[in-house]
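J.: Residue numbers (our numbering), protein chains in the order written: chain E, 1 to 264; chain C, 1 to 287.
The reader is advised that the hints may include incorrect statements.
Think about it this way: if two alpha-carbon atoms lie no more than 25 Å apart in a straight line, the pair counts; the simulated DSS-like pairs of lysine-lysine are [unchecked claim]:
id: 1; chain 1: E; residue 1: Lys106; chain 2: C; residue 2: Lys107
id: 2; chain 1: C; residue 1: Lys77; chain 2: C; residue 2: Lys65
id: 3; chain 1: C; residue 1: Lys65; chain 2: E; residue 2: Lys106
id: 4; chain 1: E; residue 1: Lys106; chain 2: C; residue 2: Lys81
Partial list, derived from the structure: chain C residues whose beta carbon lies under 8 Å from chain E [said to hold, decoys possible]:
id: 5; residue: Thr120
id: 6; residue: Ala150
id: 7; residue: Leu153
id: 8; residue: Val211
Simulated from the structure, these hints should not be mistaken for lab results.
We treat Cβ as the ideally placed atom computed from N, Cα and C, and that holds for glycine.
Each chain is listed here by its residues.
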Amino acid sequence: MSDQTTIIPRIVLELFQVAVESPLHPGESEVEGMDLKMRAGEFWVISGVSNNAKSSILPTLAGLQKPLSGLSLLLGQNFQELSDQEMIVERRRIGTVFQGGGKMLKGLTVWENISLPIQYHLELSWADAAPKGMQIIEKAGLKAFASRLPSDFPASWQQRVGLARALALEPEIVLIDRPLGTLEFRHWNWWLKFLTRLQHGEIWGKTCSVIVTTDDPAPWADYATHFAAVEGKAFRVFATKQEALKSPQALADEISPEDFMGDF
Amino acid sequence: MRNETASTTPTRAGEVPEFHDRVRTAYLDFAGRKILAFMETIHGLGAFALITFGVAITKAGVSRKVIEPLIKDQVYKAGIKLLPMISFMAVALGLVVIGQTVSLLSKVGAQNYAGTVMVTAVFRELGPLITAIVVLARVGAGNVIELGTARALGEVETLESLGIDPIHYLVVPRVIGMALSIFSLTIYLIIIALFSGYLFAFVQDVPLQPVEYFNQLAGALNWHDFVLLALKTSLFGMIIAVVTCYQGLAQPLSLDDVAGAATKAVTHSVISCVVLDALFIVLYLLL
C-alpha cells in the first residue's frame with residue numbers, strides 16, 4: 001500500500017456552452033456551445049482550417065471579450081463580474097500573443113515593447129525595468145534586436161517579441177495565435193521547444209498553461225497534451241492526438257474561395 | 001368617367017406636386033439622417049470625454065513613470081515643436097491686426113483705445129483661436145492618423161491584453177499635453193503679437209509711446225481675462241485631444257478609413273472650438 005496521493009492540478013480555464021462573438025459581425029456568433037476544461041500545466045492545441053474562428057476564440061479565452069452566451073471562468077473567476085481595476089490585476093496573470101508579429105507597439109523598440117508591461121504595472125522607470133526586460137529578451141533569443149524598432153525588424157521574429165512581452169509579467173496562462181504561421185523550419189524548432197520548456201516551468205521555475213491555435217496540429221503532436229478543433233461553428237475536444245490528426249478538417253486538402261467570402 | 005381618367009392618367013399639372021413631394025421627402029430624409037448622425041456624434045463624443053476624464057481622475061497617480069514621459073512627449077510635439085510656426089503667426093497677427101488698428105485709431109485721434117482693442121481682439125479672441133487651429137492642423141490631424149493606424153493594426157487590443165488601459169496610455173497624456181501646450185503657446189503668441197504690433201505702429205510713426213501703449217494694455221486687462229484665458233485655452237486643448245482621439249480610437253477602423261476619420265476630426269474640432277469660443281463671449285459680456 002502506498003500512501004502517495006496524486007495531486008490534481010487546479011482548473012485554470014473553464015468554459016460552459018460559450019458562444020464566441022464574431023469580431024467582424026458584432027452580435028453574431030462564430031463558435032457555439034463551446035465547452036473546455038483546462039488544468040494548470042496543460043498544453044492545448046486548437047486547430048482549424050485557415051480563416052475559421054480559431055483566432056476569434058482567443059480574446060474570449062483571454063477574458064478580453066465577453067461571450068455572447070454561456071459562462072467563462074478564467075483562473076476561477078468570471079471576468080465579466082470583475083471591476084475594471086480587478087480585471088487589470090487579473091489580466092497580468094494571462095499572456096496573449098496575437099497573430100502576425102504579435103502586434104508590436106510602433107513607436108517603441110523591441111526592448112521597450114517588452115519592458116512596457118513591467119514598467120506600467122510595477123511602477124518602474126525604464127532604467128529600473130531594464131534588468132527584468134533584458135532577462136526576458138535573452139531567454140527569447142532577441143538580444144541582437146533589442147534596440148530595433150518594429151519597422152526595422154525581421155517579420156519572422158516579431159511573433160517572438162510578442163511572446164517575450166506576454167511573458168514579461170510571468171503569467172500563469174499563455175495564449176498564442178498561430179505561432180508557427182508562415183515561419184521557416186528553424187523557427188518551428190525554437191517555438192516547439194521553448195513552449196514545452198515554458199509549460200514545464202523551465203523558464204520561470206513554475207509551470208505555465210499554454211494554448212496555441214494552428215492550421216495544422218501535426219507539428220505539435222509530440223509536444224501538446226490536449227487537442228481540440230474548431231469545425232464550422234462547433235468546438236470539438238479530441239480524446240487522443242491520433243483522433244486530432246485524423247479529424248476531417250486536418251485532412252482537408254482543398255481550399256475553396258467560398259470559405260473566405262463571409263468576411264468581405 | 002372623365003374624372004376617373006383625369007385621376008389615373010398623370011397630367012403635366014398633376015406631376016408637379018408629386019415631384020415636389022418626392023423632393024421634399026428626399027430633403028427631409030437627408031436632413032433627418034444628418035441630424036441623427038450629428039446626435040450620434042455628440043453622444044459618442046460626450047461618452048468618450050466622460051470616460052477619459054473618469055480615467056484621468058481615477059488613475060491620476062497610476063504608472064506615473066510611464067505616463068509622465070508621454071505627457072512630456074506630447075508637450076514637445078504640440079508645444080515646443082510648434083514655436084517657430086506660432087512665432088510666425090504671432091508676428092503676422094501683430095502686423096496685420098494690431099499694427100493696422102493702432103495706425104487707424106491714431107488717424108482718428110482714438111489711440112487711447114488701442115489697449116482695449118488689443119485685449120479684445122488678440123488676448124480674448126484671436127490669440128487662443130489661432131493657436132488652437134495651428135495645433136489642430138499640425139498635431140491633431142496627425143493624432144487621428146497615429147491612433148487610427150494603431151487601432152487598425154490591433155495595438156489597442158495589445159494594450160488591453162497587457163492589462164494597460166488604452167485610454168490611460170493613449171488618450172490621457174494627449175489631453176493633458178495638448179491643454180498645457182495650447183495654454184502656453186497662446187501666451188507666447190499674445191506676447192509676440194503685442195510686441196510685433198507695436199513695432200509695426202512705431203515704424204509707421206504712430207504717436208504712441210511704448211509706456212503709454214503697455215499702460216493701456218494693462219488698464220484694459222482684468223483678473224478675469226487671465227482666468228478665462230487659462231480656462232478657454234485648456235478647454236481648446238482638451239476638446240481637440242478628445243475629438244481627435246475619439247475619431248482615431250473609439251470605433252473599429254480599417255487603414256482605408258483613417259484618412260476620412262482625420263477629416264471628420266478636424267471639422268468636428270473646429271466646430272467645437274468655435275462653439276466654445278461663442279460661449280466664452282457670453283461669459284466675457286457677463287463679467
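J.: With reference to the structure, classify each hint as holding or not holding.
T.: Okay, the hints, checked on the actual structure:
no.: 1; hint: E/Lys106 / C/Lys107; in the structure: 59 Å, violated
no.: 2; hint: C/Lys77 / C/Lys65; in the structure: 19 Å, holds
no.: 3; hint: C/Lys65 / E/Lys106; in the structure: 20 Å, holds
no.: 4; hint: E/Lys106 / C/Lys81; in the structure: 21 Å, holds
no.: 5; hint: Thr120; in the structure: 42 Å, violated
no.: 6; hint: Ala150; in the structure: 7 Å, holds
no.: 7; hint: Leu153; in the structure: 7 Å, holds
no.: 8; hint: Val211; in the structure: 50 Å, violated
The structure does not agree with the numbered hints 1, 5, 8 stated previously, though it agrees with the rest.
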